[in-house]
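Modelling step: build the complete structure from the supplied sequences, incorporating the hints.
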Amino acid sequence: MKRAERSASMKRIIMACDLQHTPKALQESALSFDPFIPDSRSVAELFYSAYHETTDDEGESIADWQRELRETADGKYGPLSPELSFRLQMDNYPIGAVVTSTFQELPLLLFVVMSAAFKGKGLSKLMMNEVIQRAKAMGLTHLYLVVTVENQPAYKLYEACGFSFAGESWADLSP
18 MKRAERSASM
28 KRIIMACDLQ
38 HTPKALQESA
48 LSFDPFIPDS
58 RSVAELFYSA
68 YHETTDDEGE
78 SIADWQRELR
88 ETADGKYGPL
98 SPELSFRLQM
108 DNYPIGAVVT
118 STFQELPLLL
128 FVVMSAAFKG
138 KGLSKLMMNE
148 VIQRAKAMGL
158 THLYLVVTVE
168 NQPAYKLYEA
178 CGFSFAGESW
188 ADLSP
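Residues 18 to 192 in this note's numbering are what the sequence shown lists, from first letter to last.
Calculated from the structure, these hints are not laboratory results.
Careful, some of the hints might be misleading.
Heads up, simulated DSBU-like pairs for lysine-lysine below, C-alpha to C-alpha not over 30 Å straight-line [to be verified]:
| id | residue 1 | residue 2 |
| --- | --- | --- |
| 1 | K28 | K173 |
| 2 | K142 | K28 |
| 3 | K136 | K93 |
| 4 | K153 | K93 |
| 5 | K93 | K173 |
What follows is the structure in structure tokens.
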């Protein structure tokens, strides 16, 4: 299936998390949360690893991810929120990341990625808890994200972290 055909056939919905009613903090971890660095090759490799051969894979190369991350940092999807964008590091190497912007005046999780080698170990939930706690500390009342419905692992993760259906288009939302 061609990239454009695959993209057109994937149904994506918007989910929101009411930050006043989210689960308590997850267990502490020896891993570190470090600032998101868009120009890092290792971060582009992380994104490639996370998306490659998944429902959301659109055939991006590492070079494509480097370009996408640079453009994202430059405001492609609205101003980047540095407080809500970070890498999950293990031994000084990124194994996960969350990238958040302000899109149409709403805090939008653009990317939540975990290296393929670390999926299924509860670390994505750890990252989601971190971004939710940071958003609460900033006084935000909601976070938003867009998920491909067919990406059941991601969809289930977001539901477990307190996100629920908010609409199928941005017109469904009011800031």
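Now the hints, each set against the structure:
{"no.": "1", "hint": "K28 - K173", "in the structure": "holds (16 Å)"}
{"no.": "2", "hint": "K142 - K28", "in the structure": "holds (23 Å)"}
{"no.": "3", "hint": "K136 - K93", "in the structure": "holds (28 Å)"}
{"no.": "4", "hint": "K153 - K93", "in the structure": "holds (25 Å)"}
{"no.": "5", "hint": "K93 - K173", "in the structure": "holds (27 Å)"}
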